[in-house]
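Engineer: Protein chains in written order, with the numbering used here: chain D, 534 to 617; chain H, 534 to 617.
For the record, the hints were derived by calculation from the structure and aren't laboratory data. In this text the structure is predicted, and so the values were computed from the model without any measurement. Be aware that a few hints might be false.
Same chains, same names: a pair is fine if it fits in one copy or spans any two.
In the DMTMM-like style, the derived pairs of lysine to aspartate or glutamate whose C-alpha atoms are separated by at most 25 Å in a straight line are [claimed, not checked]: (1) Lys599 / Asp587; (2) Lys599 / Asp570; (3) Lys598 / Asp570; (4) Lys598 / Glu588; (5) Lys535 / Asp570; (6) Lys598 / Glu582; (7) Lys535 / Glu586; (8) Lys535 / Glu569.
There are 2 protein chains.
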Amino acid sequence: MKFRVEVNVMPHRSLHDPQGKAVCRNLPNLGITGVEDVRIGKHIQLELEASSEDEARQKAEMSCKKILANPITEYYEFTIHPVS
Amino acid sequence: MKFRVEVNVMPHRSLHDPQGKAVCRNLPNLGITGVEDVRIGKHIQLELEASSEDEARQKAEMSCKKILANPITEYYEFTIHPVS
Chain D
534 MKFRVEVNVM PHRSLHDPQG KAVCRNLPNL GITGVEDVRI GKHIQLELEA SSEDEARQKA
594 EMSCKKILAN PITEYYEFTI HPVS
Chain H
534 MKFRVEVNVM PHRSLHDPQG KAVCRNLPNL GITGVEDVRI GKHIQLELEA SSEDEARQKA
594 EMSCKKILAN PITEYYEFTI HPVS
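All chains should be modelled from the sequences, with the hints used to inform the complete structure.
Structural biologist: Printed below as a string of C-alpha cells:
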C-alpha cells in the first residue's frame with residue numbers, strides 16, 4: 534500500500550524564532566496589520582510504501598526521530614493519508 | 534477575534550527538490566526503507582487579530598502573496614482556526 538505522510542517540524546515554543554519575528558515586524562510595512570506572532574518551521578511530504586498504516590506510522594516516526602527533526606530545538610507532528 | 538493560521542509553502546511539483554532528494558537517498562542508510570519521495574517546504578503558523586474569519590482569510594492570503602511564498606518557485610495552502 535502507498536501512503537502520503539504530511540509532517541510539520543516546528544521550533545520549540547520556548548525557543549526564540551528570529552525568522553518568524555522578522556516577518557512579523559515587516560508585515561505592517563506591507564499593509565498587513567493585526568498579526569501578533571509568526572513561527573516558521575518545515576513542512577515535509579513523504580510518499581512511502583508500507584504493508585499497513587501501522588507500518589507507515591513506524592516509518593514516519595523513525596524518519597522524524599532519525600533525520601527530519603532535531604529533538605533539542607524542534608518538535609514534530611504528522612498525519613498519514615492512504616494514497617492507493 | 535483571534536485566529537491561528539496554519540500555512541504550508543511547498544516547492545512547485547515540477548521543480549527539482551535537491552534537499553528532499555538528499556533525505557530520500559539517505560533514509561535506507563538509517564534502516565528506513567520504502568520511502569519513494571520526500572519534498573521539503575515551510576510550515577508557518579500565524580496568530581492574528583481579525584473582526585471575522587473572512588478578514589482573517591484576506592490577511593493570510595496577503596501575507597502569503599506578499600512575503601511568505603515566492604510564486605515563481607512555490608505554492609501555498611492554509612487553514613484557519615478560531616482561537617478565541
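Engineer: Run every hint past the structure and note whether it holds.
Structural biologist: Verification of the hints:
{"no.": "1", "hint": "Lys599 / Asp587", "result": "within (18 Å within a copy, 40 Å between copies)"}
{"no.": "2", "hint": "Lys599 / Asp570", "result": "between (30 Å within a copy, 17 Å between copies)"}
{"no.": "3", "hint": "Lys598 / Asp570", "result": "between (27 Å within a copy, 18 Å between copies)"}
{"no.": "4", "hint": "Lys598 / Glu588", "result": "within (15 Å within a copy, 38 Å between copies)"}
{"no.": "5", "hint": "Lys535 / Asp570", "result": "between (37 Å within a copy, 11 Å between copies)"}
{"no.": "6", "hint": "Lys598 / Glu582", "result": "within (19 Å within a copy, 35 Å between copies)"}
{"no.": "7", "hint": "Lys535 / Glu586", "result": "within (9 Å within a copy, 36 Å between copies)"}
{"no.": "8", "hint": "Lys535 / Glu569", "result": "between (39 Å within a copy, 9 Å between copies)"}
The structure is consistent with each of the numbered hints, conforming to all of them.
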